[in-house]
Structure formats: C-alpha cells, structure tokens
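A.B. asks: In case you want the letters, here they are:
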Amino acid sequence: MSTSGKLAEPPDLVSELEPPVEPDAKHMSGFRETLHFALRNRKLVFGLSVTLTMLLFAIVGPFLAQHGPLDYGGVLSSAPTTKDGYWFGTTMQGQDVFAQFVTGLRLLFIVGALGGGIAAGIGMVVGFTAGYRGGVVDDILNMITNVVLVIPTFALLLVIAAYLQVRGILTEAVFIGLTSWPWAARALRAQTFSLVSRDFVDMARMSGRSSRQIIFKEIAPNMSSYLFMMFILLFGGAVLIAATLDFIGLGPSGTISLGMMMQLSVQNAALQLGLWWWFVPPGLAIMAVVGSLYVMNVGLDEVFNPKLREL
Amino acid sequence: MSLLVDDLKVYYRTLAGDVRALDGVTFSVADGEIMGLAGESGCGKSTLGNSLIRFDTRMRYVGGHATLDGTELPIWDTLGMNAFRFKKISIVPQYAMSALNPTRKIGDLTADLLTAHGVSPKQELPELRRRLELVGLDPAVLGMFPMELSGGMKQRTVMVLSTLLDPSLLIADEITSALDVSTQKAVGETLVGFRDRGFVKSLMVITHDLSILYQIADTILIMYAGRLAEKASGETIISSPRHPYTRLLISSLPEVGIRYAEKKLTGIPGTPPGLLNPPQGCRFRDRCPLASKKCLEAPPFVEVEDEHFVACWEEAA
Amino acid sequence: MPVLKLDRVSKVYKVGAFGGKELLAVRDVSFDVQPGEVISLIGESGSGKSTIGKMILRLSSVTRGTITWDGVDIAGLKRGSLKTYYRTTQGVFQDPFSSYNPIFKADRVFNLIRQSFFPGVPRAEWQSKVAASLEAVSLDPVQVLNKFPHQLSGGQLQRLLIARALLLDIKFLVADEIISMLDASTRIDVLNLLGELKERGLGIVFITHDLSLGNYISDRTIILRRGAIVEMGATEKVFGNPQHPYTKMLLASVPQLHSKWEELDPELKAQITELSASQSDEQHYADAGRLVLPSDGDGSELVEVEKDHLAAQVRTS
Numbered sequence: 001m002s003t004s005g006k007l008a009e010p011p012d013l014v015s016e017l018e019p020p021v022e023p024d025a026k027h028m029s030g031f032r033e034t035l036h037f038a039l040r041n042r043k044l045v046f047g048l049s050v051t052l053t054m055l056l057f058a059i060v061g062p063f064l065a066q067h068g069p070l071d072y073g074g075v076l077s078s079a080p081t082t083k084d085g086y087w088f089g090t091t092m093q094g095q096d097v098f099a100q101f102v103t104g105l106r107l108l109f110i111v112g113a114l115g116g117g118i119a120a121g122i123g124m125v126v127g128f129t130a131g132y133r134g135g136v137v138d139d140i141l142n143m144i145t146n147v148v149l150v151i152p153t154f155a156l157l158l159v160i161a162a163y164l165q166v167r168g169i170l171t172e173a174v175f176i177g178l179t180s181w182p183w184a185a186r187a188l189r190a191q192t193f194s195l196v197s198r199d200f201v202d203m204a205r206m207s208g209r210s211s212r213q214i215i216f217k218e219i220a221p222n223m224s225s226y227l228f229m230m231f232i233l234l235f236g237g238a239v240l241i242a243a244t245l246d247f248i249g250l251g252p253s254g255t256i257s258l259g260m261m262m263q264l265s266v267q268n269a270a271l272q273l274g275l276w277w278w279f280v281p282p283g284l285a286i287m288a289v290v291g292s293l294y295v296m297n298v299g300l301d302e303v304f305n306p307k308l309r310e311l
Numbered sequence: 312m313s314l315l316v317d318d319l320k321v322y323y324r325t326l327a328g329d330v331r332a333l334d335g336v337t338f339s340v341a342d343g344e345i346m347g348l349a350g351e352s353g354c355g356k357s358t359l360g361n362s363l364i365r366f367d368t369r370m371r372y373v374g375g376h377a378t379l380d381g382t383e384l385p386i387w388d389t390l391g392m393n394a395f396r397f398k399k400i401s402i403v404p405q406y407a408m409s410a411l412n413p414t415r416k417i418g419d420l421t422a423d424l425l426t427a428h429g430v431s432p433k434q435e436l437p438e439l440r441r442r443l444e445l446v447g448l449d450p451a452v453l454g455m456f457p458m459e460l461s462g463g464m465k466q467r468t469v470m471v472l473s474t475l476l477d478p479s480l481l482i483a484d485e486i487t488s489a490l491d492v493s494t495q496k497a498v499g500e501t502l503v504g505f506r507d508r509g510f511v512k513s514l515m516v517i518t519h520d521l522s523i524l525y526q527i528a529d530t531i532l533i534m535y536a537g538r539l540a541e542k543a544s545g546e547t548i549i550s551s552p553r554h555p556y557t558r559l560l561i562s563s564l565p566e567v568g569i570r571y572a573e574k575k576l577t578g579i580p581g582t583p584p585g586l587l588n589p590p591q592g593c594r595f596r597d598r599c600p601l602a603s604k605k606c607l608e609a610p611p612f613v614e615v616e617d618e619h620f621v622a623c624w625e626e627a628a
Numbered sequence: 629m630p631v632l633k634l635d636r637v638s639k640v641y642k643v644g645a646f647g648g649k650e651l652l653a654v655r656d657v658s659f660d661v662q663p664g665e666v667i668s669l670i671g672e673s674g675s676g677k678s679t680i681g682k683m684i685l686r687l688s689s690v691t692r693g694t695i696t697w698d699g700v701d702i703a704g705l706k707r708g709s710l711k712t713y714y715r716t717t718q719g720v721f722q723d724p725f726s727s728y729n730p731i732f733k734a735d736r737v738f739n740l741i742r743q744s745f746f747p748g749v750p751r752a753e754w755q756s757k758v759a760a761s762l763e764a765v766s767l768d769p770v771q772v773l774n775k776f777p778h779q780l781s782g783g784q785l786q787r788l789l790i791a792r793a794l795l796l797d798i799k800f801l802v803a804d805e806i807i808s809m810l811d812a813s814t815r816i817d818v819l820n821l822l823g824e825l826k827e828r829g830l831g832i833v834f835i836t837h838d839l840s841l842g843n844y845i846s847d848r849t850i851i852l853r854r855g856a857i858v859e860m861g862a863t864e865k866v867f868g869n870p871q872h873p874y875t876k877m878l879l880a881s882v883p884q885l886h887s888k889w890e891e892l893d894p895e896l897k898a899q900i901t902e903l904s905a906s907q908s909d910e911q912h913y914a915d916a917g918r919l920v921l922p923s924d925g926d927g928s929e930l931v932e933v934e935k936d937h938l939a940a941q942v943r944t945s
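Sequence lines, in order, name chains A, B and C. Following the numbering used here, the numbering of the first sequence begins with 1 at its first residue and continues without gaps. Following the numbering used here, the numbering of the second sequence begins with 312 at its first residue and continues without gaps. Following the numbering used here, the numbering of the third sequence begins with 629 at its first residue and continues without gaps.
Just so you know, these hints were derived from the structure itself, not from any lab. There may be inaccurate statements among the hints.
Claimed, not checked - With beta-carbon atoms standing in for the labels, derived distance ranges:
| # | chain 1 | residue 1 | chain 2 | residue 2 | range |
| --- | --- | --- | --- | --- | --- |
| 1 | A | G254 | C | P747 | 25 to 31 Å |
| 2 | B | I569 | C | V931 | 26 to 32 Å |
| 3 | B | A627 | A | V298 | 34 to 40 Å |
| 4 | B | P385 | A | F154 | 42 to 48 Å |
| 5 | B | P413 | A | D139 | 19 to 25 Å |
| 6 | A | I144 | C | V643 | 55 to 61 Å |
Unchecked claim - Only some residues are given here: those of chain C computed to face chain A with a beta carbon under 8 Å:
| # | residue |
| --- | --- |
| 7 | K633 |
| 8 | S726 |
| 9 | I731 |
Stated by the list, open to error - The calculated PhoX-like cross-link candidates involving lysine-lysine, where the alpha carbons are at most 20 Å apart (straight line), are:
| # | chain 1 | residue 1 | chain 2 | residue 2 |
| --- | --- | --- | --- | --- |
| 10 | C | K775 | C | K757 |
| 11 | A | K217 | C | K733 |
| 12 | C | K897 | A | K217 |
| 13 | C | K649 | C | K633 |
| 14 | B | K399 | B | K416 |
| 15 | B | K574 | C | K865 |
| 16 | C | K876 | C | K865 |
| 17 | C | K935 | C | K865 |
| 18 | C | K757 | C | K733 |
From the three backbone atoms N, C-alpha and C, an ideal C-beta is built for every residue, glycine too.
Let the hints inform the model, and build the full structure from the sequences given.
C.D. replies: Right under this line is the structure:
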C-alpha cells in the first residue's frame, strides 16, 4: 500500500537507447539460442575449461598414479622427477606427492558437489517457501535461518570431532552442507519476493496456472541463472571450508586431501626447506578450481540474462 | 541572457556505437523565464537537462557550448563544474524524492550538502527554515526521516534544498510525474513561486506532460529525436503550433471535456527513429504528413515570428 | 447478459509486526459493470482502485462483501471453475515490462493461454487465431512475434497483452493504468483501441488517476477516495455537475490544455480541510480487531443527486 503519493515511475533512460539487432538469433529455439551465446562468452568458456580440465585430472589421475597416496617407500624429500613416476616429487616421509594430489583433487570435487548440493537444496526449499508464502511461514523460516546462521561452526565441528574418532569425507560434506545454507536461503527468499510481486506472476495466475506451476515454470527459470550461480558459489565455498578444516587438522581420517597436504607441508617446514612441490600444487589447484568457478559465474550471468548479452 | 546553448552535441557510448541522443541544439533562456522542455521518451530532453550540470559515465561530450550569465560552463569537466553546481546551476533530478538516503534525517543530509559545497550549515539554517515555511512545510521536517514524509512533501523538500543558494538556473527533471494531481498542482505552483520570489532566476522544467507546462511555463521548447522542433510561448505552442510534430502531439492529448464518442482523437503513426543511426535530414520525416524531398536536408531552427522558432522547411517558407 | 457486480466489498490488510495493525484499503464499495460499457475508477494513490481491480481478477481476496459474475460469487471458484472465470475476465496492468517474464520471448504469453485453455487446437488454427487477435489490436505479426520483451516498445507490449486477452472470448477487461507508462502519442491509440473493443461488446473497468482519460473513454465514472466511493454516475454528469468537494478539488487541480489552474474558492478549501481532518490516517489504520467498517453505521452513504448520479454526503460533525 502506497501512502507516499507515488503513482508511476516514468520510463527509464535506457529506453532512450535503441535496442541493437541480435545477429542470427531469429531462427533458433530457446535452448539452442542459449547455447549459441554460451559458447561465445569468453569468461564462461575459460572458467568452464579450467574447471573441466581439473575435473578430468581428478577422474583420470588416480589411475595414472604409480603409487598409493599414503604409501611410503620413495626417496625422502625428492624434487619432481621422471624416475619411478614421482612426477610431483615426494614428501618428507617419502610419499608420492602426485598420488596425494590426484586423490585430494577427487575429494575436492566430491566435497564441493555434495556439500554445495546439500546447502543448495536446503537453501532452495527454505528460500522458495518463505518468499512465495510470506506471512507467518516466512517469519518462522526466518527465525530458523537466523539461528543456524549464528551457530559458530568451527566450535561445533571441534566438538563433533572430539566425539567422532573416525571422520569420513561424507561427514565433512554433510556438515558443510548443513551449516552453509542460510545465506543461500536468504538470497533466494529475497529474489523470490521480488519476483512474486511482478506482474507476470499475476499474468500466469490469470492464465490458469497453479502455484506449483508458477514457482517452477515462471519464478525458478527466472532465477535459473541465479540458482546455478548460487550452486557454483556454494560449491566453491564448500571447497574452501573443507580446505580450511583440513588445514587445521579436522580433515577426513584414512585418506589425504589437498588441505591436509598443505597442513602437513607446513608442519614439516616445507616452505623453509624449499620443498615447494609439496604445497604449491595443492594450493594452486584449490585456487584454480575456485577461481575458475567464480569467473564462470560471471559469464553465466551474461548468458542467461538476455538484456546483459548486448552490453 | 541567463543561459545560452550553442550547437550542443552529447552522445551516449554503447557497445554498438554512439547513440546520438543530443545532436546539435541551440536556444536561450532569459532571466526570469520559465522554459518548459517537452518531448517523448528518447527525444533527448533528460540528456539535455543533465548534460548541463553533470555528465554521467555513459555520456560523451561531442561539441557545442553552454554559457550561463556570460561565463562558459565547462560541462565536459566534472571537477571544473563543481564551482558552478548548486551555486550557479542546480537540478532536481528525476526520482529525487525516492533518492533521499532513508537512514539519515533531512537536516543531516542538508548539512552534508552545504558543507560539501563550502557553505556553513549554521549560517544557512535561518534561511532554510524560512523557505521551508514558505513552501508550506513545517521546519520540523529537518528532524524527520524521508519515509515519514509524503511524496509531495519530499518533492518540495528537495526543491528547497536545490535552490538554497539562489542558483541562476534550476533544472527540474520530471518532478511532477510520480505525484497525485493535487500534489502536482502544489509542486507546480511552488516552482513558479521560487521564480517570483527570486530564489532562482530562470527555470528549465523537463517533462512529457504538456498540460502542466501550459500552467506554469512562460515558453515551451519541444524536442524530437535529439533535435529541437519548436519553441514559443506556452500559449502559442498549445493554441497555434506550427511544427507538424507539435500539431499532431497537441491534437492527440485527451482533455476533460473531450469524449471518444463525440470526437475521436488520433495519435501519430509510427515510432521515433533509433538514434544509433538516425535518418538523414529531418528526423520526423518518416511520420510527417508534410514530408517532401526537401526534408532529406535537416531544417534549421529558425525564428519564424517574434520569439517563435520552428525547425521545418514547410513552416519556415 | 452476464453482469459483474460488486456488493459492499471491503479489503483489510494486516500490517505491522506479526500483523498487529490493520489497514482498510477498500471500504464498502458497490457498483456493477455491463458488457459493452466502460466504467472508470478514478482516484489518487491510496484510493484503493488498484486493489479493487485485483479483487475483480481474483488476485487478491475479498475481506467483506461479495463480487459476483452472472450471479456466481467468484470467491468460491476453484481450479476448474476459476479457469472458466478467466475465460471471461482478464486484466492488463500498468508496467508493460513487468508483465512479461523477461527471460522468455514476449509471445510466450499466447502459448500460456493455449496450454491452459486451448490444448487440443491444431497449430495452423491456433496461428490464424493469433493473427486475428493481433490484427484486432493493430499489430504487425512480423514485428512483434518471436521477440524478447525488451526488444519491443511499451505500446506494443500493452497491445500484445490486450491481444492475449482477446484470444479468450472475454466479456470483461480490467485495465489498470495501462497507458500511464506510454508516450503521449501512443497513448491515444491504445485508448482508442479500448473504445473500439467497447463498441464490440466488451465491458471495461478502466482504472486511472488521470481524469482526462477517464472523461474521454468511460460511460460511467466512480471517484474513489481512501477506499470509499465519494461520487459515481454517468461521466458527463459527474464531471459536469460535481457534488462532492473531493471531486471538485480534483477537477480544479487537473492541469488543462486550454485553461489555467483555478484558485480553489475559500468555501471549497474549507470543506477539503475538514474532510481530511475527519478521515485522518489514524482512522485508516486501526488496531487489529477494532476496525470499524462503514457498513457498521460509521460511514457516509451515497445519496442520489440526479438520475444516474450519486454522491457521498459530507458529514459535518
């Protein structure tokens, strides 16, 4: 209800500009058109290539490794060499850095997908419901979101770690998922709110659409880029949180991850001793994956939003 | 002469090229004159108003001059314009009333504004209070947050703030568009009151609403597709316009008293040309019932009778 | 002939934290619409006119009173019967760019209609139906089909929405400020289109704040203030012989093209002030549960001034 005397916003300045002609876009169906623009977007292509390369490496790598990640037996602290398949050198304890690297890389993707996925799932359910229903439902969900948001996750994890002698990657991923959904829920709720008040939702209702159809066919697709991007951000966030947890020693037991590699290399004074091959690959890998995901995100926004394409 | 604009050209940068939003306009505003600047979306009126005071990042200065009270305005130089803004030339921008910082009280906003321009807020306070009362606002408004005020009150507050230092020229960009009819009248009358009391010397009122301009403006300048079409006194524009566009525009406006059943009004077929690659010559050519081969050459904006300017080959003849 | 009838309709919103306060947006409104008649709801912001439009379109629930279509209460319609209702009554809103889902092409709105209402219709037949609709609103299919909303102008988008409504054989159209965001030269074309549709038997609820538009197009006019009807009747009678002080004030404040603003005479001014004082914002909001609706005997009833012209009595308390 407006009591401010405001009736209508005059047309935006942008309408003064002529809409440029889209080349060759006239004869394509919706999906193919999106693909057409996707393949032309440099940021997307770059980000995607880097991520996919790393993913490929993560899948294929463990088959290429000559040794197990935790096997001892190599020459201690040796630099990268082609001998015996120690391509990334060895740790101070004689373990194969390459094997550890590819194992860690695989775990990175698993934690990211799982942790990010769980967070995204919960965030979506909470966000959509709160945004679409509003009222009391929204108030209650908001309270829950706020409570989870302020829980000190590290403290909680330390407590859990103290009780669990053995922690798997699954536990880590679930934990990350269960604690990082609030900001996603908040963002989605805000987006849903703004979309629900738009006239095209009313138009859809007048076209005989049910609420469920409206959420999934009108609102969610409008946010599809947002959802996708949110998932990517949650993925990246999960990877970073996992790396941090691993670095302070709360990583999964019985295996090795990139964060743990960095932890061990610091513990063994690798920097001072010049054993760069121990910590540089894992650090670079994390940076590369998370960085390229973010770049991909920016590109995706341009692809999904027809208005941004022309600018 | 208060304001003299000579062949001003301002384009917008886009990836697709330059949009020729303002393509050579020449006119003047005398001391004490309230000039209305009217036209439809895309005509360049907002660009003109804004370019005189502040270029936004998309705008590109291409040529021409603007002179205020004998001094040239360095409109291409954002820092150089600081000396003129708020003191010599001021603006009430579009959506101003929605742009007040919601977390600060009006009085604090004003103090910041004055300090930023090198004026002591304490010194101006008595005058500020006087002016608020003159426009019908309780000076207690200074202690309120923007959301506590109605649309009309906010608009009048912004108008008082913009004219606090008695600028020579005030540009008002669509200040009545988002208001109720009764508030529009109050705001319009306030604007005229500013000129009458000497708070501002001249006014440039930008709007698409010709009927408001008829009420408050001395002269009206009609723009079309980045160029000037016609300028004359308000009375002349409404009752005896000469440019074909103005004529068609006036005859398409519904009024209380005209009914569909009795007299069907007609609009102007077609749409304004895109300004990325504007047509050669007169830009109204494609929609003009009087167009001829001559119109392939752009008609000059000439005085056809006393203080009545038109840009049309047919009318200049 | 189906009649759309509103009987003592009121709308109460819950505002404030956890719904502690109530806002009375529409009070006790009654009127009816026949097919082939245009009825205007005229009011300023906060008058409740858009809320009434939304209630007629079943986009907002009615708190008290009933809206009936051909005798059937629309509040009880669910799914199948609601769909049937939408075959007869559709709406077009103010902002053309908000009415389209920006990520899809503009003509998807036609596909939505096809999926919901014409599932079995073969492609060729559907395409000719669409072509006929587009022709009825003077749109060229080549120019508007297969384009995104941001590639079309506001006027084209609004017409597309009317074309969409015409695909169903509707009896009533709710037009909520549909031309206020369009340029002056295209407004009249869309307005004339409504006139043509009315002549073909469509009943239109035309919601606007602009008295000139209402006067141009409507057969009957309803003036709303703060959710209540203050005057209603045949357009020429309401505009020609206004009774209620609010109506008089509106007419005096409307900027006209051929006459200057009138100074409100002192008696009218006094009446307006008294009116504002007696229906203050405090009464507009009330604590939940203590809301007093006019039908409880606290409002002003409409009194017949002449045939087909009613006005609310001004309470002198």
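A.B. asks: If a hint holds in the structure, say so; if it does not, say that too.
C.D. replies: Status of the hints after comparison with the structure:
At roughly 57 Å, the beta carbons of G254 of chain A and P747 of chain C sit outside the given window of 25 to 31 Å. Checked against the hint of 26 to 32 Å, the pair I569 of chain B and V931 of chain C passes, with Cβ atoms roughly 29 Å apart. A hinted range of 34 to 40 Å for the beta carbons of A627 of chain B and V298 of chain A is inconsistent with their spacing of about 54 Å. A hinted range of 42 to 48 Å is violated for the C-beta pair P385 of chain B and F154 of chain A, which are about 57 Å apart.
The hinted range of 19 to 25 Å is satisfied by P413 of chain B and D139 of chain A, whose Cβ atoms lie roughly 23 Å apart. Our hint of 55 to 61 Å for I144 of chain A and V643 of chain C is violated, since their Cβ atoms are close to 24 Å apart. Restraint check, K633 of chain C versus chain A: the minimum CB separation of about 20 Å is more than 8 Å; hint violated. Because the beta carbon of S726 of chain C sits about 4 Å from the nearest beta carbon in chain A, less than 8 Å, this interface hint is met.
For I731 of chain C, the interface hint holds, since its Cβ comes within 8 Å of a Cβ in chain A; the closest pair sits about 6 Å apart. The suggested pairing of K775 of chain C with K757 of chain C holds, with an alpha-carbon distance near 19 Å, which does not exceed 20 Å. For the given pair, K217 of chain A sits about 14 Å from K733 of chain C by alpha-carbon distance, which is consistent with the 20 Å threshold. A C-alpha spacing of about 53 Å is found between K897 of chain C and K217 of chain A, which places the hinted pair above 20 Å, so the restraint is violated.
Pair hint K649 of chain C plus K633 of chain C does not hold up; C-alpha atoms about 30 Å apart against a cutoff of 20 Å. For the proposed pair K399 of chain B and K416 of chain B, the alpha carbon gap of about 26 Å is over 20 Å, so the pair is violated. A hinted pair counts as satisfied when its Cα atoms are at most 20 Å apart, and K574 of chain B with K865 of chain C qualifies at roughly 18 Å. Simply put, K876 of chain C and K865 of chain C have alpha-carbon atoms about 13 Å apart, close enough for the 20 Å limit, and the pair holds.
Only pairs whose Cα atoms come within 20 Å are accepted, and K935 of chain C paired with K865 of chain C is accepted, the gap being roughly 9 Å. For a cut-off of 20 Å, the pair hint linking K757 of chain C to K733 of chain C stands: about 19 Å separates their Cα positions.
In this structure, the hints that do not hold are numbers 1, 3, 4, 6, 7, 12, 13 and 14, in rising order.
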